[in-house]
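Asks: Once you have looked at the hints, place chains Y and X on chain L.
Chains as they are written, first to last, in my numbering: chain L, 1 to 260; chain Y, 1 to 319; chain X, 1 to 700.
Hints listed in this document are in silico derivations from the structure and should not be mistaken for laboratory results. Be aware that a few hints might be false.
Unchecked claim - Calculated lysine to any residue pairs in the SDA-like style (CA-CA distance at most 25 Å, straight line):
#, chain 1, residue 1, chain 2, residue 2
1, L, K196, X, K534
2, Y, K285, L, V259
3, Y, K140, L, V229
4, L, K195, X, M413
5, Y, K315, L, L252
6, Y, K278, L, V229
7, Y, K16, L, G240
8, X, K478, Y, I268
9, Y, K278, L, E14
10, L, K197, X, R430
11, X, K485, Y, D286
12, Y, K245, Y, P308
13, L, K196, X, A355
14, X, K441, L, G234
15, Y, K285, L, G240
16, L, K237, Y, K142
17, L, K196, X, L266
18, X, K426, L, A35
19, Y, K278, L, A247
20, X, K502, L, M192
21, L, K195, X, L266
22, Y, K142, L, V229
23, Y, K142, L, E225
24, Y, K82, Y, L29
25, Y, K252, L, K195
26, L, K27, Y, P131
27, L, K102, Y, A145
28, Y, K140, L, K196
29, Y, K136, L, L252
30, X, K488, X, L449
31, X, K687, Y, D286
32, L, K196, X, K478
33, L, K258, Y, A272
34, X, K682, Y, K142
35, X, K502, L, K233
36, Y, K252, L, E225
37, L, K233, Y, E288
38, L, K195, X, V273
39, L, K27, Y, L138
40, Y, K245, L, G162
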Amino acid sequence: MKILTTVKKVVDVELNIHVENGAIVEKGLQYVINAWDENAVEAAVQLKEAHKAETTLVSLGSTDNTDIIRKCYAMGIDNAIHIDDPALAEADSPTFARVLQKVYEAGDYDLVIAGKQAQDTDAGQAGIMLGEFLGIPCVSNVIEIKVTDDTHIQVSRLGDAGTEIVDVTLPAVVTVSDSINEPRLPAMRGIMMAKKKKITVMDLAGLGTSFEEIGGTAPASAVVEFMPVQKRKGGQKFEGDPAEITAQVVQLLVNEAKVL
Amino acid sequence: MTNILVVADIKQGVLKGSTAELLSKAKELGAATAAVAVGSNVTDLAPQLAAAGSDTQYIADDPSLEIFSAAPFAAAVADAAKAFNADMVWFGFSETGKAAAPRVAVQLEAACATEIIDVAIDGDVVHITRPAIANKVLQKMKINAPKLVAVVRAGAFEADPEVTGTENVVTLDPPEKDMAAAVKELISDASGEIDLADADIVVSVGRGAKDQAGVDLVKDLADDLAAGFGSSRAMVDAGLMAHNKQVGQTGKIVAPSLYVAVGISGAIQHLAGMNGAKVILAVNKDPEAPIFNVADFGIVGNLFDVIPLLKEEIKKIRA
Amino acid sequence: MSPLLMTVLLAVGLGFFARTMYQRILLLTSLEPADRFNRIKDRLKNLVIIAFGQKRLVGRKKERASGIMHAFIFWGFCILLIRSLTLYGHGYVEGFQLPLLGESSFLGYLYLALKDVTEAVVLIMVIYAFYRRLVVRPTRLHNTWEAYLVLALIGVLMVSDLLFDGARFMLITAHGNPADLHYFNNPTFGQEFFWTPVTVAAGHVISGFSAVGLERVMVLMFWVHVITQLIFLNILPFGKHFHVITSLPNVFFKSLDYPHEKIKLLDLEDESVWEDETLGVNHLHQLNWKQGLDLYTCTECGRCKEVCPTYVTDKPLNLHDFNDTLKAELYANADNLILRAKLAGNLTGDAEADAKTKEKMAVFKPEKALVGEVIALDTLWACTTCRACEQVCPVTIEQVPRIIAMRQGQTLMQGEYPEELNTAFKGLERNGNPWGIGYDKRADWAEGLDVKLMADDPNVEYLLWVGCAGSFDDRTQKVSKALVKILKAAGVDFAILGTEEKCTGDFARRAGNEMMYQMMATENIETLNNYKVKKIIAACPHCLNTLKHDYPQMGGHYEVIHHTDFINQLIADGKIRVKKSLGGALTYHDPCYLGRYNGIYDAPRSILAGMSNHGLSELPRHGTESFCCGAGGGRMWMEETIGTRINVERSREIVDEKAETVAVGCPFCLTMIEDGMKELDKDEQVKTRDIAELVAEHLA
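Bound conformation, chain L alone (with noise of 0.2 Å):
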């Protein structure tokens, strides 16, 4: 079996994020592998390791993203494909969807496994968006991966009225929730032996396509500008006379926030 997984570098949400002039301010922010495609990758060794497939990373972005890839081969991951075009920086999730469509259909691959989100966008797009593409089934929000034969798996997806169990015939698209397994911290000897390990660099022009041609000069929607949150502030803090203060906060609640 032959599985392409999917990451994109993002910013670490763990930091404060500034906006400034309707922009995010860059200084000072560092950026690391999205949190869900690692629950990707990890699914896609997991099966390696169950079920010998060949797992190949493509790693999407107008970055060096070589650390991350380092980390994913240390993981597992036997092939990693970079595409760096510094037009990707612009793209929006259809677009990223076309770019896995061309390295899909450049490749032979049995199924994919991409993250549910983004940690930047939070879109959720991509992977089903690929699906439509490509017309193979996509199940999405996934928890368990499970291979039947050398042409069907069954996946669980966690779905509003409890877990949905599906059949689905290869190849096909599926996306992954936190909640598939929990990435493995990569072994160190991983980490130093993927050092040796050689990532495939290639733009879109070495895809065979263009940034106009995946459509990304005339994207579906554009980013305007950036706002900041408001931040949430202490409110009234009430000390003394339990009976009193829980009377006078319930007032509050009823008539002031009018939430009970």
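Replies: This is chains Y and X only, laid out in the frame that chain L set:
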């Protein structure tokens, strides 16, 4: 005139509140509205969909649609959108919406935006606002494509009880079953307990409650308020609360109208799970507890004294 | 007596012994090298004080009686060793005398008296020892047949020598010396037996025998003594009494200065270490010879168990079992280890040529996995690295470095370590703190306090190293603020690194994760050296320890002082004054990394004494024998799932002491003990405070 199609949010045969919220907003924007219900035994919901504010109700009712399957669901919605000539298709915030919206967008050659909190139509220019980077910033986006498929964040719009529509049912042919991703079974999680993610009021218990007696006391309060009952990490680790009750960064993220934090200190990880609540009430005996930095109302006191008093006060106002 | 018999006995006895010792030493040489031959003078000093002086037995208040008992047996052995030589000589020549201790010298007589008293004392001590084992039955002791056998042998040695001399006494004084036995009879010093009252008493015990009978007794007791001694000598290397021979070298070769030898800096870039699995201790042969000697020397006394916080709370870390198990494994694989070492001698460094040798070497691998099968994982990870075991061990065995080396093997080579550490390691890597909180928030605690950043003014006198807890933990931030208040009141010129500070990497190192530790250290040292930092005040003993003792290995040389030490100096210099206004019963909990690792016991006490109007009471387990809070060794970040909780155990001790305030000097201790109090529901009655907080509250 913009045509907005709202996808009905149905759980266990019940129409959820988000449908009315979306329809109210659509009407507020001056759009022509329609609703689409996809599922099994959903035809009876048509009058409710009309009352909620839709002027046309598209129904795709078939036993094969009982358990959610993304491809047929999206196909049915796309059919309705084409029939209605929809400019926008809106989903309520649900796994269904998140799974179907991107597909519908591709099929309609529309733009797709998830978790939007606002829509503005200015002539023929549409802007949406949505959170990004783990809710740390907001981004305003211009929709270039002629159509938009959106998933709306929970509680983003308010339902206007004055808003109403007309009954006008259009039956759709049931979509084809998805043989390539065939749903075999649904393991329901209906436990009778109020789902934390849906609840309007959530009461959570923390380490200050100490033991089972304390937990029971706080649960009593939650029951009195018909609220969802959640927990901080400490109580889950102590084995006093179930894992799926944990509110926090690594647990559930909730955004109720009222969040009552009892005996919870307010560590960053917990705050990440509940600071989207409209109003936060905190009860803690430590006046320096960080929770008071985000609580709208804070009661400094021993919860074993305060909770019974709270229950009494609530009984009074409910009477 | 009988030169022939004596020769045969000596040849056989000493011959066997030499052979056994040869094998034991050969086994040690097959282990990794260790440089313990430096600074001979300091080593001799340790030998005198700890080994000969029996410092850890006699000098320890607890169980002093048994300590004295052993000391006398030991000193007795030393003194009587000389007697043995005389007796061997006597086997060849009747009346053999050693030079300098002969009849003509005062020393000779003195020695006779000394020997006499010593034999009596040793005999009494042996009887006391029997009593302890049979009646008192201290829990820390293993009551094995070996223990009783050895005590019995010692008893036999004493009795046989006394009866030998007693018989001589009777024959010479009461029966007119028919065999013309030699005895000391110097005109100046008198007859030998005036100097040996115990022998006289022994003689009276057998006075009922006839002359012939007495002669038989004398000859019998002589050979019984010699044979028993040779038997004793030969069984020593086979059990826990090997310590009789190895404890002196073990103390001589012990680590100098800093509690124990610094952890070796591993070269992670060297590919061969990954292939040969030489990172940390994964296999028996990777122990070094000193560690092997440690295993030989464990006397199974159990003092380590008694003070170990994990053992006391029912976790599977039983140190003398640990030692015993490894020793047994070492012996079981002795032949293989020796053969393997021999082959290793043929390695040339050339990969191709060595490949065959390495293949042969692999044949001699022990069957059982060192960690996992010989030593259980729970055992290895339970340790908090508190060093209480090393503090009380009478023969200075170094347990902690061995545990950390085995953890290194697990973490680096096997990738096996408690899962809960994952989050902490990840946090360290991404944001420089084990909680994984955004690094950009590290200086938020100092907002509004007007604290200088190194980036703004690198020419300050002191760098205040805040630490991760002090920066991010709500409770500990209060300590940081208090410390700032004190430093400002004293007019100290200081700055903090703010968001440039990263975790020192202490817990990563103690968990065996050298890679993470080196990453943190490299980054921190670069930052510190760029600012040309000279003096650092550390608010956390773990930071103190790592900055002071570990960083020099990687090029970081700074003067590091703990905040309690610094505050004490400020008070002594009159830069700040404290009021004696701290009321209520007060006690102090010595943090392990402040006390046992860095020898700071007095400064905190001095500060507290100056503030308390009620007086400072000491906890039962205080000072060098303070009881760990349970957070060291990376355990702060792990779940405690086995046995009872260490922090609750310590909190209970504090509650029993009826303290109203317990002062600490470490953020881990602060958290653990405060949590312990909450769990015992005593957090209202007992306040846990850092010394900085108390000083800030009571500034004059």
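Asks: Each hint should be assessed against the structure and marked as holding or not.
Replies: Quick rundown of the hints versus the structure:
Note on K196 (chain L) and K534 (chain X): the hinted pairing is violated, with a Cα-Cα distance of about 39 Å set against a maximum of 25 Å. With a C-alpha separation of about 24 Å, the suggested pairing of K285 (chain Y) with V259 (chain L) holds against the 25 Å cut-off. The hinted pair formed by K140 (chain Y) and V229 (chain L) meets the criterion: a straight-line CA distance of about 12 Å does not exceed 25 Å. Restraint check for K195 (chain L) and M413 (chain X): the C-alpha separation of about 17 Å stays at or below 25 Å, so the hint holds.
About 16 Å separates the Cα atoms of K315 (chain Y) and L252 (chain L), which keeps this hinted pair within 25 Å; it holds. Between K278 (chain Y) and V229 (chain L), the direct Cα distance comes to roughly 14 Å. Compliance with the 25 Å bound is thereby established for this hinted pair. Using a Cα cut-off of 25 Å, the hinted pair K16 (chain Y) and G240 (chain L) is violated, with the two alpha carbons roughly 42 Å apart. For the proposed pair K478 (chain X) and I268 (chain Y), the alpha carbon gap of about 17 Å is at most 25 Å, so the pair holds.
Annotation: proposed proximity of K278 (chain Y) to E14 (chain L) holds, straight-line Cα distance about 23 Å (limit 25 Å). Straight-line distance between C-alpha atoms of K197 (chain L) and R430 (chain X) comes to about 23 Å, which keeps the hinted pair within the 25 Å bound. Proximity of K485 (chain X) to D286 (chain Y) is assessed by CA-CA distance (about 23 Å); at most 25 Å being required, the pair is judged to hold. Taking the CA atoms of K245 (chain Y) and P308 (chain Y), the gap is near 23 Å; set against the 25 Å cutoff, the hint holds.
Our distance criterion of 25 Å between C-alpha atoms is met by K196 (chain L) and A355 (chain X), whose separation comes to about 22 Å. Between the alpha carbons of K441 (chain X) and G234 (chain L) the distance comes to roughly 19 Å, so the proposed pair stays at or under 25 Å and holds. With a CA separation close to 11 Å, the supplied pair K285 (chain Y) and G240 (chain L) stays within the 25 Å bound. Proximity of K237 (chain L) to K142 (chain Y) is assessed by CA-CA distance (about 42 Å); at most 25 Å being required, the pair is judged violated.
With a C-alpha separation of about 20 Å, the suggested pairing of K196 (chain L) with L266 (chain X) holds against the 25 Å cut-off. Of the pairs offered as hints, the one joining K426 (chain X) and A35 (chain L) holds, with about 12 Å between alpha carbons and a cut-off of 25 Å not exceeded. Proximity of K278 (chain Y) to A247 (chain L) is assessed by CA-CA distance (about 21 Å); at most 25 Å being required, the pair is judged to hold. For the hint linking K502 (chain X) to M192 (chain L), the alpha-carbon distance of about 23 Å falls within 25 Å, and the restraint holds.
Straight-line distance between C-alpha atoms of K195 (chain L) and L266 (chain X) comes to about 18 Å, which keeps the hinted pair within the 25 Å bound. Restraint check for K142 (chain Y) and V229 (chain L): the C-alpha separation of about 19 Å stays at or below 25 Å, so the hint holds. For the given pair, K142 (chain Y) sits about 9 Å from E225 (chain L) by alpha-carbon distance, which is consistent with the 25 Å threshold. Using a Cα cut-off of 25 Å, the hinted pair K82 (chain Y) and L29 (chain Y) holds, with the two alpha carbons roughly 21 Å apart.
Taken as a hint, the K252 (chain Y) and K195 (chain L) pair is broken in the structure, with Cα atoms around 38 Å apart against an allowance of 25 Å. Proposed proximity of K27 (chain L) and P131 (chain Y) is supported: the alpha carbons are some 21 Å apart, at most 25 Å. About 23 Å separates the Cα atoms of K102 (chain L) and A145 (chain Y), which keeps this hinted pair within 25 Å; it holds. Taking the CA atoms of K140 (chain Y) and K196 (chain L), the gap is about 43 Å. The hint is violated against a cut of 25 Å.
Restraint check: the Cα-Cα separation between K136 (chain Y) and L252 (chain L) comes to about 29 Å, which exceeds 25 Å; the hinted pair is violated. With a CA separation close to 10 Å, the supplied pair K488 (chain X) and L449 (chain X) stays within the 25 Å bound. For the given pair, K687 (chain X) sits about 14 Å from D286 (chain Y) by alpha-carbon distance, which is consistent with the 25 Å threshold. Distance restraint check for K196 (chain L) and K478 (chain X): the Cα-Cα separation of roughly 47 Å exceeds the 25 Å cut-off, and the hinted pair is therefore not satisfied.
Of the supplied pair hints, the one linking K258 (chain L) and A272 (chain Y) holds, its CA atoms being roughly 24 Å apart against a limit of 25 Å. Distance hint between K682 (chain X) and K142 (chain Y) is unfulfilled; the C-alpha atoms sit about 59 Å from each other, more than 25 Å. Restraint check for K502 (chain X) and K233 (chain L): not satisfied, since their Cα atoms lie roughly 29 Å apart, outside the 25 Å limit. Of the pairs offered as hints, the one joining K252 (chain Y) and E225 (chain L) is violated, with about 30 Å between alpha carbons and a cut-off of 25 Å exceeded.
At roughly 15 Å between alpha-carbon atoms, K233 (chain L) and E288 (chain Y) fall within 25 Å of each other, so this suggested pair holds. For the proposed pair K195 (chain L) and V273 (chain X), the alpha carbon gap of about 16 Å is at most 25 Å, so the pair holds. A C-alpha spacing of about 19 Å is found between K27 (chain L) and L138 (chain Y), which places the hinted pair at or below 25 Å, so the restraint holds. Straight-line distance between C-alpha atoms of K245 (chain Y) and G162 (chain L) comes to about 16 Å, which keeps the hinted pair within the 25 Å bound.
Figure legend: structure checked against the earlier numbered hints; hints not met, in rising order: 1, 7, 16, 25, 28, 29, 32, 34, 35 and 36.
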